[in-house]
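Engineer: Sequence:
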Amino acid sequence: MVHEKKLDREVLLPSLLEDDEEEPGENVQLVERRMKQNIQNSELALMHRGLGPKGTKALAVSLVTNTSIRRLNLQDNWMEGMGGAAVAKMLKENRHITEVDLSDNNLGDFGARAISAMLKVNTTLVRLHLSGNRLTDQSAECLGPALVTNSTLQHLDLSHNALGDHA
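The sequence shown begins at 0 in numbering that gives the first Met the number 0 and counts up by one.
Simulated from the structure, these hints should not be mistaken for lab results.
Worth double-checking, as some hints may not be accurate.
[What the hints assert, rightly or not] Straight line, CA to CA, 27 Å or less: simulated DSSO-like cross-link-like pairs of lysine-lysine:
1. K91 <-> K119
2. K119 <-> K88
3. K53 <-> K88
4. K53 <-> K91
5. K53 <-> K119
Because the structure is a prediction, the values reported are computed rather than measured.
Given only the sequences and the hints, what does the whole structure look like? Please build it.
Structural biologist: Written as structure tokens, this is what we have:
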């Protein structure tokens with residue numbers, strides 16, 4: 000399908016623009032370039048780009064129907080819980096991505112709840128990196144049942160979080 004092979008400017012650009020911006024910023028242009036370069040590749044790597052929750056949501060929307068990307072690396076993008084929830088929502092529908100790195104994004108308990116809901120229905124994700132996301136024991140309580148349900152996830156990185164001895 001042609002739709003899967005092009006970047007949807009109408010979805011991505013307005014979502015990444017700040018309220019007072021009329022022209023795409025540096026991050027928008029970077030995402031566009033990377034999407035165009037990687038549209039036929041199996042990996043999309045956008046680490047340390049400061050996408051924030053809004054930019055992450057726009058990117059996630061554009062990846063819902065993508066069938067090429069297998070590995071998605073969004074490490075250190077300040078996405079917070081809202082951005083993590085957007086990625087989780089995308090992963091509920093995208094059945095092609097097998098590895099995701101969301102390390103160092105301050106997802107917190109809100110993001111962990113969204114990730115947990117996704118893990119209950121996703122059957123393709125094999126590796127998930129959630130290191131350094133300020134996850135707490137409450138996050139672990141959400142993730143536990145999801146991990147029991149999910150039979151495809153083989154690797155989950157929860158290092159450098161605020162998980163206690165009972166997690």
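Engineer: All hints, please: hold or fail.
Structural biologist: Verification of the supplied hints:
| no. | hint | in the structure |
| --- | --- | --- |
| 1 | K91 <-> K119 | 9 Å, holds |
| 2 | K119 <-> K88 | 12 Å, holds |
| 3 | K53 <-> K88 | 14 Å, holds |
| 4 | K53 <-> K91 | 19 Å, holds |
| 5 | K53 <-> K119 | 25 Å, holds |
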